[in-house]
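Participant: My request is simple: use the sequences and hints to build the entire structure.
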Amino acid sequence: MHISEGVLSPAILGLGAALAVGGTAIGLRRLDYDRLMTVAILAAAFFVGSLIHIPIGPSSAHLILNGLLGVILGWAAFPAILVALMLQSVLFQYGGFTVLGVNAFNMAFPAVLSFALLRPFLYRPGRVRAVAAFCCGALSVAGAGLLTAASLAFTDQGFTQAAQLLFLAHVPVMIVEGIVTTLTVSFLSRVRPEILGFAHSFEGGPRA
Amino acid sequence: MRSFFLFLALALLGQTSAQAHRVNVFAYVEGADIVVECSYSKSKRVRNGAVAVLDAVSGETLLKGTTDDQGLFRFPVPPQARLSGSDLRILLQAGEGHQNEWIVAAKEFMDAPPLSPAPDLTPAAEAKTAQTPPAPALSRSDVEEVVGALLDARLAPIKRELLEQRQRGPELREIIGGIGWIFGLVGVAAYFKSRPRV
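So the protein sequences, as listed, match chains A and B. Here the first sequence is numbered in our numbering, starting from 1 and rising by one per residue. Here the second sequence is numbered in our numbering, starting from 1 and rising by one per residue.
Take these hints with a grain of salt, some might be off.
Said to hold, decoys possible - Computed footprint of chain B on chain A; a stretch qualifies when at least three of its residues, placed anywhere within it, have a C-beta under 8 Å from a C-beta of chain B:
1. 38-51
2. 81-94
What the hints assert, rightly or not - Below, computed lysine to any residue pairings styled on SDA-like, alpha-carbon distance capped at 20 Å:
3. B/193 to A/26
4. B/44 to A/168
5. B/193 to A/168
6. B/44 to A/172
These are computed hints drawn from the structure, not numbers from a lab. Glycine included, C-beta positions come from ideal geometry on N, C-alpha and C.
Facilitator: If you want it as structure tokens, here you go:
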């Protein structure tokens with residue numbers, strides 16, 4: 001999912017950077033002082049998650065965890081993912097500095113979007129919440145693949161081929177991430193509901 | 001529904017393109033050829049990756065090819081590069097936005113023999129060249145050629161090993177360092193966001 005340096009045209013790089021900066025600005029403005037530590041822990045989880053490979057047949061894919069960040073952090077997933085990706089590009093040479101904006105937007109935006117769409121269902125405890133959390137995890141990965149394919153639409157490979165390959169490679173990741181998100185959400189809503197913004201407002205009244 | 005999953009399973013099995021963070025590419029001179037090795041990780045090779053060989057100075061594409069099942073692509077030193085004496089830029093495009101490049105310095109291939117000599121280098125022949133003084137029939141350049149080819153063949157694995165060492169993946173040091181950075185940055189954010197005590 002990390003697009004390498006030198007693949008994309010300057011126009012797309014610029015667009016991605018602008019969108020990532022916008023998302024990060026919204027995320028930082030909405031960021032609560034009390035939630036800073038949660039952001040740090042999840043940014044660290046995202047940073048390390050890319051090193052965990054899921055073997056599937058001859059191929060393998062790595063975890064992305066963007067859905068989990070979206071569910072727990074909302075818009076604050078943008079700064080968390082941006083920082084984690086920047087460190088990955090500096091320390092591991094994944095992606096690259098100029099593609100940072102595109103990569104960050106591709107991974108953070110689907111997560112924020114699927115959280116915003118599924119939020120009403122996440123308020124309801126029980127099975128509805130579990131299914132909604134699964135969908136958040138899975139759809140964020142699918143959306144990231146779709147946006148990556150869209151970014152590659154103007155390269156030699158073209159949109160359709162890239163989208164097909166990315167989707168097939170990520171079906172197992174979608175399932176695994178859906179399960180991870182469901183388990184984390186159900187665990188946190190029982191043990192630490194205040195970490196989940198929606199669970200908190202359900203149990204303790206609405207919160208601005 | 002079942003047939004859909006069956007299709008999915010088959011599609012996943014048939015799919016060889018691997019999803020990874022980045023591709024590695026490195027190249028070395030072996031005899032009259034340049035060998036390009038492409039991999040996602042130590043065990044995972046790039047199959048059918050598009051390799052383009054460019055003149056590093058003029059940017060002109062000299063030749064193109066694809067990697068085989070072992071992630072290898074082998075090509076003879078292009079005559080244009082010999083003439084111009086500029087470095088070779090090897091560009092690998094593995095698809096799905098994965099791309100990397102490697103520069104082969106001109107001095108590495110300038111003294112490579114013009115054609116694949118395929119010399120008969122048995123240990124006996126080697127011992128002979130080493131011990132007996134060169135027979136009058138054997139000119140100085142002949143000996144140089146034989147010894148040079150032999151050295152190339154012997155040193156190729158070592159060269160390869162050295163280059164491969166540079167392509168290491170993330171180590172514990174970097175992972176821990178990165179996590180430290182994240183918490184450090186959050187510390188800075190906490191400092192600026194903290195409400196001043198009155």
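Participant: Tell me, in ascending order, the numbers of any earlier hints that this structure violates.
Facilitator: The structure breaks only hint 5.
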